[in-house]
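Asks: Take a look at the letters that make up each chain.
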Amino acid sequence: MKIFKFYFILLFLPGILSGCVETNILDRVGLTTLVGYDAGTEEKIATTAVIREVNPEFQSNVEVVTTENETSKGNRMKANRKLSKKIMVGQMRVILFGEELAKDDLHFYIDTHLENASISNSLYLAVVEGETAPLLQYEYKNIDDIGQHIYRLIEQNVKQEHMISSSLHEIAHDFYMEGKDSAMPIIKREDDLIELTGIALFSGGKMVSTLPVEDSFYVKLVRDSFTSGIFETIIQKEDIPPNLMTGTASDMPVAFDAIRSKRVLKLVDPTTPEFDLQLKLKARLLEVYPDVNLGDPKVVEGIENAVSKNLSREISRVIAHSQNVQSDIFGFGEKYRSSVRNSNLTKEKWHEMYKNMKVNIKVEFDILRDGVFE
Amino acid sequence: MKFKLPFKKKQKPIVNTSHNNKEILSPSKIDFIRSIKDATHSPADLMVKSMLPNLTLIYINNLVNDKNLNDHIITNLQNATMETPATIKQIIAIAEVNISSQLEEAITAIINGNVLIHMEGYSQVVLANVSTRESRSLTTPENESQVIGAQVGFNESLSTNISLVRRYIMSPDLCNEEIKVGTRTKTSLNILYMNGIASDQMVNTLRQRINDLDVDALLDSAVLVEMIDDNTLSPFPQMLLTERPDRFCDGLLNGKLGVIVDGSSMAIVCPQSFIEFFESREDQNLRWQVATFVRLLRFSAIFLSVFLTPIYVGALTFHYEVIPQAFLVPLSESRALVPFPPVFEALLLEFIIELLREAGARLPTKIGQTIGIVGGIVIGTAAVQAGITSNILLIIVALSALASFTTPSYIMGNVIRLIRFPIIILAGFWGFYGIMLAFCFILVHLLRQSSLGAPYMAPFYPPRFQDMRDSLIRLPLPYTAKRPSSVRATDQEKYNPEVEHPKKS
Chain A
1 MKIFKFYFIL
11 LFLPGILSGC
21 VETNILDRVG
31 LTTLVGYDAG
41 TEEKIATTAV
51 IREVNPEFQS
61 NVEVVTTENE
71 TSKGNRMKAN
81 RKLSKKIMVG
91 QMRVILFGEE
101 LAKDDLHFYI
111 DTHLENASIS
121 NSLYLAVVEG
131 ETAPLLQYEY
141 KNIDDIGQHI
151 YRLIEQNVKQ
161 EHMISSSLHE
171 IAHDFYMEGK
181 DSAMPIIKRE
191 DDLIELTGIA
201 LFSGGKMVST
211 LPVEDSFYVK
221 LVRDSFTSGI
231 FETIIQKEDI
241 PPNLMTGTAS
251 DMPVAFDAIR
261 SKRVLKLVDP
271 TTPEFDLQLK
281 LKARLLEVYP
291 DVNLGDPKVV
301 EGIENAVSKN
311 LSREISRVIA
321 HSQNVQSDIF
331 GFGEKYRSSV
341 RNSNLTKEKW
351 HEMYKNMKVN
361 IKVEFDILRD
371 GVFE
Chain Y
1 MKFKLPFKKK
11 QKPIVNTSHN
21 NKEILSPSKI
31 DFIRSIKDAT
41 HSPADLMVKS
51 MLPNLTLIYI
61 NNLVNDKNLN
71 DHIITNLQNA
81 TMETPATIKQ
91 IIAIAEVNIS
101 SQLEEAITAI
111 INGNVLIHME
121 GYSQVVLANV
131 STRESRSLTT
141 PENESQVIGA
151 QVGFNESLST
161 NISLVRRYIM
171 SPDLCNEEIK
181 VGTRTKTSLN
191 ILYMNGIASD
201 QMVNTLRQRI
211 NDLDVDALLD
221 SAVLVEMIDD
231 NTLSPFPQML
241 LTERPDRFCD
251 GLLNGKLGVI
261 VDGSSMAIVC
271 PQSFIEFFES
281 REDQNLRWQV
291 ATFVRLLRFS
301 AIFLSVFLTP
311 IYVGALTFHY
321 EVIPQAFLVP
331 LSESRALVPF
341 PPVFEALLLE
351 FIIELLREAG
361 ARLPTKIGQT
371 IGIVGGIVIG
381 TAAVQAGITS
391 NILLIIVALS
401 ALASFTTPSY
411 IMGNVIRLIR
421 FPIIILAGFW
431 GFYGIMLAFC
441 FILVHLLRQS
451 SLGAPYMAPF
461 YPPRFQDMRD
471 SLIRLPLPYT
481 AKRPSSVRAT
491 DQEKYNPEVE
501 HPKKS
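First to last, the protein sequences are chains A and Y.
Okay, so the first sequence: first residue is 1 according to the numbering used here, each after it adds one.
Okay, so the second sequence: first residue is 1 according to the numbering used here, each after it adds one.
Simulated from the structure, these hints should not be mistaken for lab results.
Glycine included, each C-beta is placed from N, C-alpha and C at the ideal position.
Check before you lean on any hint, since a few could be wrong.
What the hints assert, rightly or not - One side of the interface only, derived from the structure: several residues of chain Y facing chain A at Cβ under 10 Å:
no. : residue
1   : Asn195
2   : Thr317
3   : Phe318
4   : Tyr320
5   : Glu321
6   : Ile323
7   : Val329
8   : Leu331
9   : Ser332
10  : Ala336
11  : Leu337
12  : Pro341
13  : Gly431
14  : Tyr433
15  : Arg469
Isolated chain A (complex conformation) (with noise of 0.2 Å):
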């Protein structure tokens, strides 16, 4: 009995002293919900963050607190010293990026926030137009938490699909992939709402160009497959099969939805390197804009024909202007590698290749139904 007392405290002791965990109590803690990222003096970082402080006397309150240091660390430990409650990022889900910084390198960044064991792969990643910090502190009248406001306003346009996804996990994924480059969001204060305006377009760690909004159906396309939406595009004059021309409108705006998407995409010479990418997409017509009889099957023959040449356009001109930029946001160079044996392929070596790549669209357009309203 002594000998089983004694091994009895052996155990305990180091379990009760080794057990001073430091405790994170969420109502003593304040929760940083957003981090935006400038380019700032003299090689240091320009951190703005959004942090949620739960107070008993007012309901809870969100401060933005802008800090400039060597580190993120360092930024945090000077936010601390502006701040009654402890920071902390467990509950990260947006990092903003300012349009200089992301034309510099975010390695680094991405680097940091993956080692980080706390803060959350799925959280989403964008790039502001000029600098996060007066974006984050203008005073909005109608945004009660900036932080969680563009969180929501990402959220819910990758989930329709209205904008490709930027968490920090795909990005990661492509930043380290040899044959891809990551893309991101852009968004932009307008007055007192937040948008989206674009898409930047990555090279390695360093953001080289953008596209607008609209050509995010595109890049959405060709990256992987479409499974919801609405998409609006316009079909041109010449595209437009004669019996359908009304006369005197020149262009055709139409709007689908529900599209399903199939992506095959073929390596079918590594030498130049020359792709084959083949698209099945299925829609509902939700809008025309001359009145067209629809009851007609050779007129929405004709439809689906236009617009299978609009997008095939469309794509073409997406990648062509990747390619100049050469960043392969698309991931054909993952196809690439894949596909070749003992390719060894790096990302400069694919970029080099990139540029000379060809890509033959070919686009099957299915017009499932029409006259279906939401």
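Let chain A serve as the given structure and place chain Y on it in line with the hints.
Replies: This is chain Y only, laid out in the frame that chain A set:
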């Protein structure tokens, strides 16, 4: 290492009682009366009645049925003339009549409610059993009520309880062995099992465990369970205590063994696996879809009951990352006024709930209900308004208390409520790591238990897929035609599983 209480290991002191007390009764009337009075310490209710010409009746007033005594013994004795005790035995209109000349036997008989009839000049006495036992009438089972099914429960009388069982199982295969336990109380208990279904080995084990007991008193079957089960130190009961005859018979027909103790309204069913404690007899009476739903509800209630409060404590103390964003603001706002850390807050509230439960159980039924409702509402609301606890914790604690009461076995429900406290403390120290630690510890502990040698975690460990059909879920009757394999039944099949569907006309 298994801990056993010392009294189980201790050998019975070998005392030869047989030689000492073989005292022969005296043929003389006066000596006989004195010897009986000495042996019973002349209690106030000892009646000595002399009858002409040479008879003496001795009995204990409160133990005999007066009507039987008058109608069948005294009347018969008065109307006849007898020469020997053997003729007395002939004329008495009582079923159970013995003749003995030993003092010990006579004393045992008088204590059990027999009338001693002594005849001057003979050392033999006639023992006529006219005993009566006070017991309450049969009522509905208070602790194990169910909506659909029989509404009768065991009472404290051994003979009534056995007759209840015999009414359910009218079979000559129903074996009934009587054993007396307790050197002072001499409590009779009966082991019941179905010959041809129950495993002989288990019957022998149970019989031996009861026979090996060296205790002076046995007042309730719950005490007996604690003395004879496999691991006395575990908080988890390894034998079922039930007051429902239908559940008892269900166990017997599944090849289990039953023990009924005189003076106790709870019968013992063993071997019992952990899962079976959460099954109710009512599940068999419901359609299988409904029964499955109810069982799953019960099992999720147990998990909720054990882990909900610890998860709250762990999440709020260490892991604020896991709280969903929509929940973050209401949660932290309700916590904002509370001055204590979450673990203290949770323990306080759990303590209050346990206080209310205990107070409600100890008080008379009518007051108990009032205390429960008033105490719950008043203390709950006041605690939140005073800023001692948060609203959300109040809901969580009430929910887990409610969930723990869904367990059909009250004794198991108590264990479920008890093991919550160490888990809350561990969650307060180490967060989710502590909860996992406690979970692993409980799981290992449960896996190590056995019930009468049968695995406690059956049918999940060792995995028996056929038995799982009637465990967490209940499949339709044709799929559950086999008895659980952990009871080692001699006859494995309950019935022919082939169903003959009635033809549609």
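Asks: With reference to the structure, classify each hint as holding or not holding.
Replies: Taking the hints in turn, this is what the structure says about them:
| no. | hint | result |
| --- | --- | --- |
| 1 | Asn195 | violated, 45 Å |
| 2 | Thr317 | holds, 5 Å |
| 3 | Phe318 | holds, 6 Å |
| 4 | Tyr320 | holds, 5 Å |
| 5 | Glu321 | holds, 3 Å |
| 6 | Ile323 | holds, 7 Å |
| 7 | Val329 | holds, 6 Å |
| 8 | Leu331 | holds, 6 Å |
| 9 | Ser332 | holds, 4 Å |
| 10 | Ala336 | holds, 4 Å |
| 11 | Leu337 | holds, 5 Å |
| 12 | Pro341 | holds, 6 Å |
| 13 | Gly431 | holds, 7 Å |
| 14 | Tyr433 | holds, 8 Å |
| 15 | Arg469 | violated, 39 Å |
Comparing the model with each earlier hint shows violations of hints 1 and 15; every other hint is respected.
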